[in-house]
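Taking the hints as your guide, dock the two standalone chains into a single complex.
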Amino acid sequence: MPTEQQTLDEVLKLAATQFKIPRESLTPDDDFFKKLGIDSLQALSLLTRLEQHFNIELPDYEMQGVSDFRTLAERIQSRL
Amino acid sequence: MKQFHGQTLSWTLADGVVELALHRKPCNEIGSQTLEELEQFTGTLPELEQYAHALIVHSELGCGFCAGADLRELYRRSEGMPKDQATTGVKDFLERIHLVMNTLDASPLTTIGAVHGIVFGGGLELALVCDLLIADKTARFCFPELRLGLIPGFGGIPRLKRDLGNAVVRDLLLTGRSFNAAKAQQIGLASQVVAEGEALRIARLTAAQVGKFDRNTSAAAKKFLKPIPYDELRREIEIFCELFTQPAVDAGLRKFVESTDAQPYLP
Chain A
1 MPTEQQTLDE
11 VLKLAATQFK
21 IPRESLTPDD
31 DFFKKLGIDS
41 LQALSLLTRL
51 EQHFNIELPD
61 YEMQGVSDFR
71 TLAERIQSRL
Chain B
81 MKQFHGQTLS
91 WTLADGVVEL
101 ALHRKPCNEI
111 GSQTLEELEQ
121 FTGTLPELEQ
131 YAHALIVHSE
141 LGCGFCAGAD
151 LRELYRRSEG
161 MPKDQATTGV
171 KDFLERIHLV
181 MNTLDASPLT
191 TIGAVHGIVF
201 GGGLELALVC
211 DLLIADKTAR
221 FCFPELRLGL
231 IPGFGGIPRL
241 KRDLGNAVVR
251 DLLLTGRSFN
261 AAKAQQIGLA
271 SQVVAEGEAL
281 RIARLTAAQV
291 GKFDRNTSAA
301 AKKFLKPIPY
311 DELRREIEIF
321 CELFTQPAVD
331 AGLRKFVEST
341 DAQPYLP
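Heads up: the protein sequence lines correspond to chains A and B, in order. Using our numbering, read the first sequence as starting at 1 and increasing by one per residue. Using our numbering, read the second sequence as starting at 81 and increasing by one per residue.
The set of hints was computed from the structure by calculation and includes no laboratory data. Watch out, some of these pointers could steer you wrong.
For lysine-lysine, the following DSBU-like pairs were computed, each having C-alpha atoms within a straight-line distance of at most 35 Å [stated by the list, open to error]:
| hint | chain 1 | residue 1 | chain 2 | residue 2 |
| --- | --- | --- | --- | --- |
| 1 | A | K20 | B | K335 |
| 2 | B | K263 | A | K35 |
| 3 | A | K13 | B | K217 |
| 4 | B | K105 | A | K34 |
| 5 | A | K13 | B | K105 |
| 6 | B | K241 | B | K163 |
| 7 | B | K302 | B | K217 |
| 8 | B | K217 | A | K20 |
| 9 | B | K217 | A | K35 |
| 10 | B | K241 | A | K13 |
| 11 | B | K263 | B | K217 |
| 12 | B | K263 | B | K335 |
| 13 | B | K163 | A | K20 |
| 14 | B | K263 | A | K34 |
| 15 | B | K105 | A | K35 |
Please read these numbers as outputs of a predicted model, since none were measured by experiment.
Extracted from the complex, chain B is given alone in its bound form (with noise of 0.2 Å):
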C-alpha cells in the first residue's frame, strides 16, 4: 500500500520517501485509535522500505508534533476499573506501543522528525526514534510524566539516555520542565532548528540527501551508531506498571482531566 489515509494519520511514498503525517486533534495525542493506525503503517513498513531510502515523520496540525499519550483515554479506561485490571490494560498498550517504537527505531530507513510547536511526553518519545531531529523554532520540548506520578512509559529514558547525556536527562525528567529548539539543538537533540514553519521542506531537502548514498550502507551505519536499548526499555515498562498502581496516578490525571485551570500543559 503506498498511501493511507487513517483517522489519525496518514502516510504516502513518492520518489523514496515515506512521509507519515499526523493529523488527530486536538494535538495528536496517542491513544488506542493512534496506536492502532501506527501498527497498520509499522505493518506496511517493510514493504514501503523496499522502494524507499528515507521516511519522515511530521504534524499537520498548527498546535504542534504531538502531545504525547492521551490521558484523557487513560483516565475513561482506567475508571472506576480494580486497579490490576487497569495495570494489565496498560501493560498491554505499552507492549504495542513499544513494538512500534521499537520497529520505527530499527527500520533501515533514514528517519526524519520534523517538528513543531508541541513536542512534549509521548510525541517527545516519537520524536526521539527518529536517526534526525529538525525542529522549528516554534517547538517546545518536554516530558512531564512526573506530574501524573509516573515516568515516560514509551521508551522516552532509555533512549534519551543513548542520545544525550546524563545530566541533561535527570534535569529534563526530574524537573518536568519544557525547553525550546534552540536548547534541544545545544544539547544534541536536534541536529537542525529552522524557521517556523520551514521544518518539513528542509526535511525533505535532507531526505533527498540522504537518498544519495547506499541504501545499505546507510543502513549499516545506523545499525552500528544506533543500538537499540531492549533491556531498559523492557524494565521501563516495569517502572511504569509498578508506579501505575499508586494512588498520586489516580490523583494526578484526575487532577489534569478535570482541571479548569488554565494551565494545565504547564508543569
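Looking at chain A on its own, in the form it has when it is part of the complex (with noise of 0.2 Å):
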C-alpha cells in the first residue's frame, strides 16, 4: 500500500496532468478549486479520474467541503 506522502504525490501529479498545469506550481495545502480554476463539474471529473487511477470509490459527498490536495489525499488513502 502507498504511504499518505505517495499518494498525496500522485494526487498533485494527477491534477497537474489533467489539468494542463506545471506539477511544481501545486501545493499539498492548495486550494484546488482556486489553484486549477475549476467549477464543480470539473472536480468531478477529477474526482473519476483519481478514482480510476486508485481502483476505488469514493463517494462525492465525502468531498463535499474538501478543497485542499492534503485532505482530498487523506480521503483516499481512507480507502486503499
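So this is what it looks like as C-alpha cells:
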C-alpha cells in the first residue's frame, strides 16, 4: 500500500496533468478550486480520474467541503 | 424531415441510423426550449422509424451528456407564484417530458445512449430510456434530487427499478452520490465502457451491428424485454408534485440557484 506522502504526490501529479499546469506550481495545501481554476463539474471529472487511478470508489459526499490536495489525499488513503 | 438543427439539439438520419445530438450550453440542462425540441423530435420519430433501425442519443458538449432539469428556469418560473399555480406548471412540464421519454422508451428502434462526463438527474433519466448505454470512462452518473427535497421526476425511479436491483437503486437515490462508468457497468447500467471520446464511435459500430438483424424481430424482443412501467411512472408524477409543495424545495432551489459555492453539483 502506498504511504500517505506517495498518495499525495500522485494526486498532485494527476491534477497537474489533467488540468495542464506545471506540477511544481501545486502545493499540498492549495485550494484546488482556486489553484486549478475549476468548478464543481470539473472537480467531479478529477474525482473520476482519481477513482480510476487508485482503483477505488470515493463517494462524492466525502468530497463535500474538501478543497485542498492534502485532505483529498487523506480521503483517498482511507479507501486504499 | 431527415435532419433538424434547433437551439438545443439536432438530429440526422443516415444509413438507417438516427442520431439525436444535444448541444445546449452549459451542460444540456432540460428546460422548456429543450422540451419543445424533444417534442418536435418525438413527433417526427414515427416517420424516421420507417427508414431506420437504430437511434443514438449523445451530447456534442465537452462537459458531458446532460446535467438534468434546468433548475434555474424552474426557480425563475416558480418564484413569487402561488404554490398551487407553480405546481400546476410543474405537473404540465412533467406530463410532457414523460410523454417524450415514454415515446423514446417504446420506439421500435434499438436505442443507444452514448454518454460521457456529467449524466445527472434528468440526464440520467434520458439515458435510462435507451436500450443500450455506452459510457466513456469520464462518465459520472447521479440522482441528486433529494438534496432539493424532491425525487427524480422524468421517470427515473421506475426505469432504474426496471433495470437494476432495488438495493442499488436505494443506495443511489437515498445517498444522492455519483458514481463512475466502471461502477455503472458493474451494476448493469452501462453495457460497455470505452476510452475517453470513443462513446459515439462505438455507438455507431453497435448501431451497424444491430442493423444486421430483422427489424421486426428486434422490435418484438425489445417490447418483450423492456416493458414500460406506466403505473409507477404516473405515481412518480403524483409524488413529485406532492413534494414540490414543501418549503424545503423552495429552499433547495434557491440555495442551488443563488449559490456561490464552488461545489453546487456535489451532492
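Okay, the hints, checked on the actual structure:
1. At most 35 Å may separate the alpha-carbon atoms for a hinted pair to count; A:K20 and B:K335 meet this at roughly 32 Å.
2. Under the criterion of a C-alpha separation no larger than 35 Å, the hint pairing B:K263 with A:K35 is consistent with the structure, at around 30 Å.
3. Taking the CA atoms of A:K13 and B:K217, the gap is near 19 Å; set against the 35 Å cutoff, the hint holds.
4. A hinted pair counts as satisfied when its Cα atoms are at most 35 Å apart, and B:K105 with A:K34 qualifies at roughly 23 Å.
5. Restraint check: the Cα-Cα separation between A:K13 and B:K105 comes to about 30 Å, which is no more than 35 Å; the hinted pair holds.
6. Note on B:K241 and B:K163: the hinted pairing holds, with a Cα-Cα distance of about 31 Å set against a maximum of 35 Å.
7. A hinted pair counts as satisfied when its Cα atoms are at most 35 Å apart, and B:K302 with B:K217 qualifies at roughly 27 Å.
8. For a cut-off of 35 Å, the pair hint linking B:K217 to A:K20 stands: about 19 Å separates their Cα positions.
9. With a CA separation close to 25 Å, the supplied pair B:K217 and A:K35 stays within the 35 Å bound.
10. Between the alpha carbons of B:K241 and A:K13 the distance comes to roughly 40 Å, so the proposed pair goes past 35 Å and is violated.
11. The suggested pairing of B:K263 with B:K217 holds, with an alpha-carbon distance near 10 Å, which does not exceed 35 Å.
12. Annotation: proposed proximity of B:K263 to B:K335 holds, straight-line Cα distance about 30 Å (limit 35 Å).
13. The suggested pairing of B:K163 with A:K20 is violated, with an alpha-carbon distance near 48 Å, which exceeds 35 Å.
14. A C-alpha spacing of about 29 Å is found between B:K263 and A:K34, which places the hinted pair at or below 35 Å, so the restraint holds.
15. Between B:K105 and A:K35 the alpha-carbon distance is near 25 Å, which keeps this suggested pair within the 35 Å criterion.
Of the numbered hints listed earlier, those contradicted by the structure are 10 and 13.
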